[in-house]
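The working numbering puts the last residue of the sequence shown at 52; the count rises by one with no breaks.
Hints in this document: simulated from the structure, not taken from any laboratory. Take the hints with a grain of salt, since some may be wrong.
To be verified - Capping the alpha-carbon separation at 20 Å, the derived lysine to any residue pairs in SDA-like fashion look like this:
hint, residue 1, residue 2
1, Lys8, Trp21
2, Lys3, Ser42
3, Lys8, Met25
4, Lys3, Phe13
5, Lys3, Leu14
6, Lys18, Val37
7, Lys18, Ile7
8, Lys18, Thr6
9, Lys8, Leu19
10, Lys18, Leu34
11, Lys3, Gly40
12, Lys3, Val31
13, Lys8, Ile26
14, Lys3, Phe29
15, Lys8, Leu22
16, Lys8, Phe29
17, Lys8, Trp20
18, Lys18, Gly33
19, Lys8, Phe27
20, Lys3, Gly33
21, Lys3, Phe27
22, Lys3, Ile26
23, Lys8, Lys18
24, Lys8, Ile28
25, Lys3, Val37
26, Lys3, Trp15
27, Lys3, Leu30
28, Lys3, Ile28
29, Lys8, Val37
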Amino acid sequence: MEKLRTIKELFNFLWERKLWWLIPMIFIFLVIGLLIVTIGSSPLAPIIYPLF
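With the sequences and hints as input, model every part of the structure.
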C-alpha cells in the first residue's frame, strides 16, 4: 500500500503546483516501460527493441 500512497502524493504534488499537464506524459512513460518489461522476456523482443 506504500506504493499507492507515493503515487497519490506525486499526483497531488503535480496538481497543487499546476503541473497537471505532466500527468499524460508520465502516464505514457509508464505504459512504454510496462510494454518493454512485459514484451522484453517474450520471443517478440528482437522485433520490438528496434522500435524503441
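Now the hints, each set against the structure:
Restraint check: the Cα-Cα separation between lysine 8 and tryptophan 21 comes to about 16 Å, which is no more than 20 Å; the hinted pair holds. The straight-line distance between the Cα atoms of lysine 3 and serine 42 is roughly 27 Å, outside the 20 Å bound, and the hint therefore fails. For the hint linking lysine 8 to methionine 25, the alpha-carbon distance of about 16 Å falls within 20 Å, and the restraint holds. The straight-line distance between the Cα atoms of lysine 3 and phenylalanine 13 is roughly 15 Å, inside the 20 Å bound, and the hint therefore holds.
Of the supplied pair hints, the one linking lysine 3 and leucine 14 holds, its CA atoms being roughly 17 Å apart against a limit of 20 Å. Under the criterion of a C-alpha separation no larger than 20 Å, the hint pairing lysine 18 with valine 37 is inconsistent with the structure, at around 31 Å. For the proposed pair lysine 18 and isoleucine 7, the alpha carbon gap of about 17 Å is at most 20 Å, so the pair holds. At most 20 Å may separate the alpha-carbon atoms for a hinted pair to count; lysine 18 and threonine 6 meet this at roughly 18 Å.
In summary, the hint linking lysine 8 to leucine 19 is supported, as the alpha carbons are separated by about 14 Å, within the 20 Å threshold. Between lysine 18 and leucine 34 the alpha-carbon distance is near 27 Å, which puts this suggested pair outside the 20 Å criterion. For the hint pairing lysine 3 with glycine 40, the CA-to-CA distance comes to about 24 Å; that exceeds 20 Å, so the pair is violated. With a C-alpha separation of about 17 Å, the suggested pair lysine 3 and valine 31 falls inside the 20 Å cut-off, and the hint holds.
The hinted pair formed by lysine 8 and isoleucine 26 meets the criterion: a straight-line CA distance of about 13 Å does not exceed 20 Å. Between the alpha carbons of lysine 3 and phenylalanine 29 the distance comes to roughly 17 Å, so the proposed pair stays at or under 20 Å and holds. Between lysine 8 and leucine 22 the CA atoms are separated by roughly 14 Å; this keeps the pair inside 20 Å, and the hint holds. A threshold of 20 Å between alpha carbons decides the hint, and for lysine 8 with phenylalanine 29 the separation of about 17 Å falls inside it, so the pair holds.
A threshold of 20 Å between alpha carbons decides the hint, and for lysine 8 with tryptophan 20 the separation of about 13 Å falls inside it, so the pair holds. Restraint check: the Cα-Cα separation between lysine 18 and glycine 33 comes to about 25 Å, which exceeds 20 Å; the hinted pair is violated. Of the pairs offered as hints, the one joining lysine 8 and phenylalanine 27 holds, with about 14 Å between alpha carbons and a cut-off of 20 Å not exceeded. At roughly 17 Å between alpha-carbon atoms, lysine 3 and glycine 33 fall within 20 Å of each other, so this suggested pair holds.
For the hint linking lysine 3 to phenylalanine 27, the alpha-carbon distance of about 16 Å falls within 20 Å, and the restraint holds. A C-alpha spacing of about 16 Å is found between lysine 3 and isoleucine 26, which places the hinted pair at or below 20 Å, so the restraint holds. For the given pair, lysine 8 sits about 15 Å from lysine 18 by alpha-carbon distance, which is consistent with the 20 Å threshold. Distance restraint check for lysine 8 and isoleucine 28: the Cα-Cα separation of roughly 17 Å lies within the 20 Å cut-off, and the hinted pair is therefore satisfied.
Of the pairs offered as hints, the one joining lysine 3 and valine 37 holds, with about 19 Å between alpha carbons and a cut-off of 20 Å not exceeded. For the hint linking lysine 3 to tryptophan 15, the alpha-carbon distance of about 18 Å falls within 20 Å, and the restraint holds. Under the criterion of a C-alpha separation no larger than 20 Å, the hint pairing lysine 3 with leucine 30 is consistent with the structure, at around 14 Å. Between the alpha carbons of lysine 3 and isoleucine 28 the distance comes to roughly 19 Å, so the proposed pair stays at or under 20 Å and holds.
This hinted pair does not check out: lysine 8 and valine 37 have alpha carbons roughly 23 Å apart, beyond 20 Å.
Checked against the numbered hints above, the structure breaks hints 2, 6, 10, 11, 18, 29 and satisfies the rest.
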